[in-house]
Amino acid sequence: MFDDSNIIAGLEIGTSKICVVVGEQNAEGLPNIIGLGQARSRGVRKGEIVNPEQVEEDLRAAVFEAEQMADVEIRRVYLGVSGGHIRGFNNRGVHPVVSADREISPDDVEDVVKNAKAINLPAENTIINHVRQHFYVDGQDGVTNPVGMLGARLEVDMHVIHGHANRLQNVIRLVRATSLEVDEIVFNGIATSLALLSGEQKELGALVIDIGGGTTEYVAYSDGIIRHSGVLAVGGDHVSNDLAYGLKVPLSRAEKLKLEHGTALPTEAAKGQTLSITNELGLELKRVNVGHLQRIMALRIEELFQLIAQDLEQAGLTDYLRAGVFICGGGSRVPGIVQLAENVFQMNVAAGHATAVSGLTTALDQPEFAAAIGLVKYGSLKNRRRAARPSLVSGLKGVFHKMLPRS
Amino acid sequence: MENQNHLFETTVAPGRPVVRIIAVGNAGDALLGALAPAEFAGAELVALNTDAAALAASVAPVKIHLENKLFRGLGSGGDPDRGRALAEEQFSTLKSACEGAHVVFILAGLGGGAGSGISPILAKAAHEAGSLVLAFVTLPFECEGNRREAQAQTALEQLKSAADGVICLPSQKIFKLIDENSTLIETFQVTGGFLIEGVRGVWSLLTRPGLIQVHFGDLCALLRDRHAENAFAFVETSGPGRAREAVEKILTHPLLDEGRALAESDAVLVSLSAGKDLTMAEINRVMEQVKRQCGHAQLVMGAAADAGLKEKLCVTVIAAKSNAPASSVTPRMENRNPSAGSAGHREATAARPRARRPGAKAVQTQLPLTIITKGRFDKSEPTLHRGEDLDVPTFIRRGIALN
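Protein chains in written order, with my numbering: chain A, 1 to 407; chain B, 1 to 403.
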């Protein structure tokens, strides 16, 4: 068998599409995107699976396409997850340094991280990701690596993202059913920000908003670490649904109107203008007011941004996002959305592209693929960390693995 | 005063309106049968029906049979359209039946064929004949089914636009008054009894010479354009404490929702009649309590002395409510917690043999809600965010009108 350890695949099962991105890790450990597969998703609502059989079928199609393009066999994937049930919050772990010389050892770091992970979750929830933030040594802020420092009290902040265990299991089982192994599950918001943000931007502080079909994820960074994350189960589907309701047209037609005539900023010129909807024979079925269309759409998107802005305001992060806001996902294709976001957030806004990764420009340019590309990046970081400098845990793991070789 | 009274009593008829009571359909007929003819001396009773057999059994001196060969004498078969067609066909007959009357009372039970179909046309005919029209109708019990209910409602609307005044009694209200063991006949007697009390009240209002007159015009003005359910009550008391007793009876009257109807109404007519010994204090006592209950309603009051009543005091209350949503809550609250001034009322309710339900029934007000379908998210878990369902279109939740 040929070695495929440098092949990393990211899989995102979204509400509007399922996409698989294949990356190849080069000698320096940096991923290079070599393949892309996507299929229309038909069994997902608001980021959660409602029809597993349908999803399985679509998933196979997407994986097949990606395999064809990259000319590799995909065996394991990093799976992106989302859904309204996912929450993120910060937790602090405390550990007293007990050694005689008060020097902080790797064991102390291990313990404090363990303490920070010990949190009270609702019984049905499970942790998806936990991201270490900064250490505090005797109250001193901003310590990134305390090993070797002197102190009596070591603390660490941990950003914990958790979600409903059964719903997460559903996705994992489904992927396993297609004989793919799930390496790890990653919150889509984290994956997206990995693809979009450079280290400098994370350091400055940035907000990434991924507007998908059924959900919108957002992650805020500052000082190089994740400060806040969240999901709103509102996305492009809601815009279509609003239009279908407000303009009294079928959903499929609303979807089409959204793509063809949608905007996030109502224009004066559109006021009172009408569009005629014709059937396949060119006969007029209905006239739709363009002004209404634009207003309905703008209101929904504006509200979405307002909800996120409110949440960040409460988290006290608004003033720390100096690099601005990055929007990606299918929603970022709406004309005028950057302008609208600037109005709401009162800061620099840019439509994000997956700049933090190299490879196929066709894939990188599409804002919809940011999450899947980010998953590849996540995978490559994991691989690199595993290969380069084994931490104590993985080192220990390695020891055990050597002791108990897998036949 | 005494003198004037005497004068009125001896003068018969010329000032009095000619009243014709027309009963429509089987239910109307039954109501007519229950009227005590003695009390309605001077009124002309007419029965109008499509069912020949039922008409033959009627006690009314004048009978009008609306007939179409197609019906084969079987009546309108519960179909108001048939009744209406028939009535329109024989419009001239109806008109001539009403001619010469100043006032026409229409008695009918809505929901069936004849009552619902003919009554509105009859009202129109009477109107054209130059009479003032007042309809007394019952609405069907809920258990009689949706169709009858719908027919009754349609007929009521039509009647309201055709007649000068409509007093309607939803039979369902009677359920509160009858006990488990009441037979069907008893129930109908109770229903009819209430309606007849209403007729009697209005009748006496119009025919008894008044010290403080209530003209038919006042009555019509009160009922007109207030096309919701008009609540009415007629109480009769006697004895030394008759005024207080009358107030108690009014305030606990089931058809007035134990006084709540007064609080919700926006026009109330009160007519008192008693023997010659009617005192101003008595009138005052009754009116004061009624006024206290009805808050901001327009109040019309009439008083009459009638030697024939001897010791008795009769009070008729008609409360009209406009179609606008129920009035403010405040008067209702007053009603529930009577102030010190209305201590009599409290005693009265306590002394009343029929046990009052604990606590006044809360009135369900209606919010202007429309059901918003969530389209494709109808069956999925709602996206709740700070109490808002984000699946509902934003422009709807924010109440932004598109125009």
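Take these hints with a grain of salt, some might be off.
Said to hold, decoys possible - Lysine-lysine pairs mimicking BS3-like chemistry, simulated, CA-CA at most 30 Å apart:
| hint | chain 1 | residue 1 | chain 2 | residue 2 |
| --- | --- | --- | --- | --- |
| 1 | B | Lys374 | A | Lys256 |
| 2 | B | Lys173 | B | Lys276 |
| 3 | A | Lys202 | A | Lys248 |
| 4 | A | Lys286 | B | Lys374 |
| 5 | B | Lys374 | A | Lys248 |
| 6 | B | Lys379 | A | Lys256 |
| 7 | B | Lys374 | A | Lys271 |
FYI, nobody ran anything at the bench for these hints, they're computed from the structure.
* To do: Mind checking the alpha carbons of lysine 374 of chain B and lysine 271 of chain A for me, to see if they're no more than 30 Å apart?
  => holds, 26 Å
* Asked: Given the hint that lysine 286 of chain A pairs with lysine 374 of chain B, does the C-alpha gap stay at or below 30 Å?
  -> holds, 22 Å
* **Proposed proximity, lysine 248 of chain A with lysine 202 of chain A (alpha carbon, max 30 Å)** => violated, 44 Å
* **Agreement of lysine 374 of chain B and lysine 256 of chain A with the hint, judged by alpha carbon distance not exceeding 30 Å** => holds, 19 Å
* lysine 379 of chain B and lysine 256 of chain A: Cα distance at most 30 Å? -> This hinted pair holds, its Cα atoms lying about 23 Å apart.
* With a cut-off of 30 Å on the C-alpha distance, tell me whether lysine 374 of chain B and lysine 248 of chain A pass. => Cα-Cα ~13 Å, so holds.
* Under the criterion that the straight-line Cα-Cα distance not exceed 30 Å, is the pair lysine 173 of chain B, lysine 276 of chain B satisfied? -> violated, 35 Å
The structure fails to meet hints 2, 3 from the earlier list, while all remaining hints are met.
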